[in-house]
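Engineer: Here is how the chains run, residue by residue.
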Amino acid sequence: MPEQMTEEQRKELEEKLKNMSPEELAQFQKQQCIFCQIISGKVPSTKVYEDEHSITILDINPAAKGHLLLIPKEHYVIMPQVPDNIITHLYLVAQKLSNVLLRSLKLSGTNIFVANGLVAGQKAQHFMMHIIPRKEGDGLFKLEEKILDKEMLSKIQGALQDKINGLFGVSTQTKLIEEKEEPGEVEEKPKKTKKPRKKKVPVEEPEEEVEDDDGEEEGTSLDDIASLFT
Amino acid sequence: MTCEFCELANAVRLYEDDSIVVAIRDHVFTPGQITVLPKEHITILDAVPKDVMEKIALAVNKVSIAAFEGMGSQGTNVLIQNGLAGGQKRPHFSVDIIPRQENDTVQLDWTPNPLAEDELARIAERIKEGLNPQEEVSEVKEVEGKENYLLKQLDRMP
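Each protein sequence line maps, in turn, to chains A and C. Mind the numbering: the first sequence is residues 1 to 230 in our numbering, read in order. Mind the numbering: the second sequence is residues 1 to 158 in our numbering, read in order.
Just so you know, these hints were derived from the structure itself, not from any lab. Note that this is a predicted model, so its numbers are computed, not measured. Don't take every hint at face value.
[As the list claims (entries may be wrong)] Keeping only pairs whose Cα atoms sit at most 27 Å apart, straight-line, the calculated DSSO-like set for lysine-lysine is:
| id | chain 1 | residue 1 | chain 2 | residue 2 |
| --- | --- | --- | --- | --- |
| 1 | A | 135 | A | 106 |
| 2 | A | 73 | C | 50 |
| 3 | C | 128 | A | 65 |
[What the hints assert, rightly or not] Just a few of them, taken from the derived set where beta-carbon distance is under 8 Å, the chain A residues facing chain C:
| id | residue |
| --- | --- |
| 4 | 60 |
| 5 | 105 |
| 6 | 112 |
| 7 | 114 |
| 8 | 115 |
| 9 | 135 |
| 10 | 146 |
| 11 | 152 |
| 12 | 164 |
Ideal placement from N, C-alpha and C gives every residue a C-beta, glycine not left out.
Construct all of the structure, not just a fragment, from the sequences and the given hints.
Structural biologist: What follows is the structure, encoded as structure tokens:
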């Protein structure tokens, strides 16, 4: 499609995209999406399963024979956009499909794999779950484990704990109690008495942040990831 | 026997409730990786009960959002390694959320092996057989069996 456009047509399209409302843009993305066309039957596929919310097809460029793509019928670009009732449904279907693959293709393992964003290897602008058949020694995914030291672990915790608390609806009061307990596990006894007082300071900030989280902050960064595809 | 994941001794727990734990483990593919796992010692994906699976799915989605925002990652991968051949290293089911950056060292891509159409169709048939008959057949049998059994019982009544 895009390659066949003349310079003039391309400019016209860019102008059109700029002036579109978010709803119109979403509609446009959907029209351009190959997986939406597969779902509507405009593009042929080898379907193995379908229900109210999803279809499952065989990947035509598979990592292994029997590689399945589980696709929500609604157009979502990345996983964080998928509503709770659909995401739970998809994981249950993925679990079932993995079990069927294991038995039907006599496998000794499977991977369930999701890529969110271009750098994660996402190739299509439609969220999907891969169910990948695995056999001993197939050489797929050469992953090596690294070991993180305690300092690194607490650094990462520092970057994530407030976000996690906000997203999981953990109240800051619970957090205060949890954090009081944690220093006890560390062997720095002299500091122990001071720590709870210190912790009170950061605890006040997240309270505001939690409210912010539902708003712009969350929207912008995730939209950026999603919009990389347009 | 002790299970590393049941104990999570060297991990930092970010969240937990009565059935799941969200943790930063000390063994990771890349820093910032977060693991969601059931509290109960469940070995493989097949054995995860529905309510626990639903909780895990919701937790994975939230963790993925946290990884985008808290870690400033440009992408995330969700990976379930199921069975030894699937790369599973511990006998306790878990889901990893792997934050990604441009030019990182995480190897999660593959070379596609395109299949001929007849082969696709053959595999699809095997998967469909695996998906459908057990359900339909067993359901039908059960109903018939029950009816027959009930009918026979009724017939025998004096």
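Engineer: Of the numbered hints stated earlier in the document, which are not met by this structure?
Structural biologist: none
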